[in-house]
Amino acid sequence: MSSKRYLLSLTLLFLLALAFAQTSYWQNTDLSWRAGNPDSWGLKLYTGALATIDEESYCEVTNYLDWLSPPTLNLKQKLSNRFAIGYYSSGSALDYGIAYNATAFGGSEPIRINYEYVDGVPDILYAKELRHQASIDAAYRYSILEASGKLNLILLNTKPSQLWGDPISGIDQYLFDNYSRAELAVNPLPELRIHTAYDYKTHPMDEEIVGTTRDYNYDAIELGLAYDKKFNLNTHLSLQGTWQHRDWDAMQPEQRNQVITELRFGHHLNPYLYGYCSLINRSCFEDPSRDIYLLSNYARAQLQYRFPSDETSNSFVMLGVKIRPANDTAFHPDTSAYFAELNYAVLEGIYLGGRVNLAPEIQDEYRAKITLMLDQDTDLHLEYVGRQNRRAFAADPDLKSGIALGAGLHF
Amino acid sequence: MKRKALFLCALIALTFLGLYACKQLTHTEYNIDRSACNGCTNCSAVCPSDAIYYDGNGKAIIDQTKCTTCGDCVAVCPQNAIY
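Protein sequences, first through last, are from chains A and U.
Using my numbering, read the first sequence as starting at 198 and increasing by one per residue.
Using my numbering, read the second sequence as starting at 57 and increasing by one per residue.
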C-alpha cells in the first residue's frame, strides 16, 4: 500500500469515528491586510473536530492553513498547512496518545538547518517542503509508581541548495529527527513526585558531504523532585527542582549540567479575580566545585478579572508582566514584556477589546478589536494591529501594522 | 508538616540563589514555558534553523542542538511564553 493510500485510509477511518461519536466542530477564519512596501495579504483558516468516543477517550482532527503574501514578519515560508490527527485515552492506570501531523510548505525560503561553518565546505541551505511527524505518548501507573515514555519522529522533506545558488546533487533531501524520552517516577505522597528520566535524540548526518564529524545527537539524564498541591480549590502551589546531565556536540562545557528550579503559585482572590505567578531559573555548571553560571531565568505574574455583569465570561481585563533579564555577556536582548488586555461587552453581543504588549528591547504591539457575537459560538471581528520594532539589529525590519477581518464558528 | 515547610523553603531559596548568585555565561538558551504556550505555531514559522517542534499535546519545544539563539521567536509569541 502506498503511503498516500495509507494516509487516506487513516483519515477515512478517523472521519468514520467522528461521524459516529459525539462531535464538536470549529472554524476560525481571518483575512488580513498589512501595510508596508509592498503591502501583503494574509489568510488564516483553522478548522477542527473533536469526537468524544467514551468517558476515557477522544480523537481530534485539525487543519491549520497560514498564508501571507509576500511573507513578512520574518516568516520563512509563504504558505504552511498543518494537518493533524490524534487519538487520546486516559484511564485510571494507563494514559496514552498517538498522533500524526503533516505540514506542507509553499514558497519556502532556504534556511540553515544544522549549520556549522567548516572552511572549504559549501554552505548548504534547505527549503522546507513537507514535514511528517508521528508522536506516541504513554504513561502507566501502578500504586505509587509511574512509568512513561514519549516518542516524536520527524521527517522533513527539503530542497537543498548552496548559499550562492549553485545547484547541489548527492545530498539527502530528507532530514530525520528522532526524539525519545523514558521516565520513571514515584509518588510517596499524593503531592510529592520524584522522577528520573532519559532523553535521547538522533539525527543522522551525511558526514562526507557536510564535511564535519559533528552530529546533532543529544542525550540527557534527569533527576527531579516536584511538589504540587491544591489548597481548598482556590490556591495552587507547584514547586519543582530538576538536575540534568546533558551532552551534545556543540555544547559549551559549562552547559553540561543544568539545574532548573520552578515555582508556580495561583490564587482565586474571589470568583472573578484570579492571579498567578511563576518563576523559572536555569543555572548550569561543568564541575559543581567550580563556578555556577546563569543560563536563563524568567519571572511572570498575571492578574485577571472577569466582569460579573457578563454571564458569558467573555468580558475581562488582564494585566501581566514577564521579566526575563538578558545575560549581559551573551549579547542577547532583554526579553521582558509588560502586557494588558481588555475585552468588554459595550452592548449585548458587541465587544470592544484592546491589547498592549510592550517589550522595550524587542517590539511594542498595540491591538484594537471589535467583535460582534452572532450567537454564543459564532462571531465576526475586525482587528487592528500596530507594531514598532525595538530591536537594535535588523533581523526583523519588516514588522508591519495591519487590519484583519475574521469569523469564528463553533458548533 | 515541618519537613514539608523545610522542603518548600529549600526550593524557594535555591530559586532565588539561581536568580542572583550565579555568574553569567557567554551563552544563553531560549526555552518555552509550557504552561503559557498555546501551540499557535508562530514561533516555528519564523525559526531560521527549524529548531522548534511540537510534542503530542501541541506544545512547542526548542531543540537546543539546532537553536542559534537569534531570538526571532520571542517577538512573535502572543503569549510571551518564550524566555
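Hints listed in this document are in silico derivations from the structure and should not be mistaken for laboratory results.
Please note that the accuracy of each hint is not assured.
[What the hints assert, rightly or not] Coverage of chain A stretches by chain U, computed from C-beta distances (three or more under 8 Å per stretch; other residues unrestricted): (1) 235–247; (2) 296–310; (3) 474–480; (4) 510–516; (5) 529–539; (6) 566–580.
Positions of the beta carbon are idealized from the N, C-alpha and C atoms, including for glycine.
Results of checking the hints against the structure:
By the rule of at least three residues with a Cβ nearer than 8 Å to a Cβ of chain U, the coverage given for the region 235–247 of chain A is violated, with 0 such residues. For the region 296–310 of chain A, the proposed coverage by chain U is satisfied: 5 residues have a C-beta within less than 8 Å of a C-beta in that chain, meeting the threshold of three. With a cut-off of 8 Å between beta carbons, the region 474–480 of chain A has 6 residues touching chain U; three or more are needed, and the interface restraint holds. For the region 510–516 of chain A, the stated coverage by chain U is violated: 0 residues have a C-beta nearer than 8 Å to a C-beta of that chain, whereas at least 3 were required.
Counting residues of the region 529–539 of chain A whose beta carbon lies closer than 8 Å to any beta carbon of chain U gives 5, which reaches the threshold of three, so the coverage claim holds. Coverage of the region 566–580 of chain A by chain U is violated [criterion: at least 3 residues with CB-CB distance below 8 Å; count 0].
Checked against the numbered hints above, the structure breaks hints 1, 4 and 6 and satisfies the rest.
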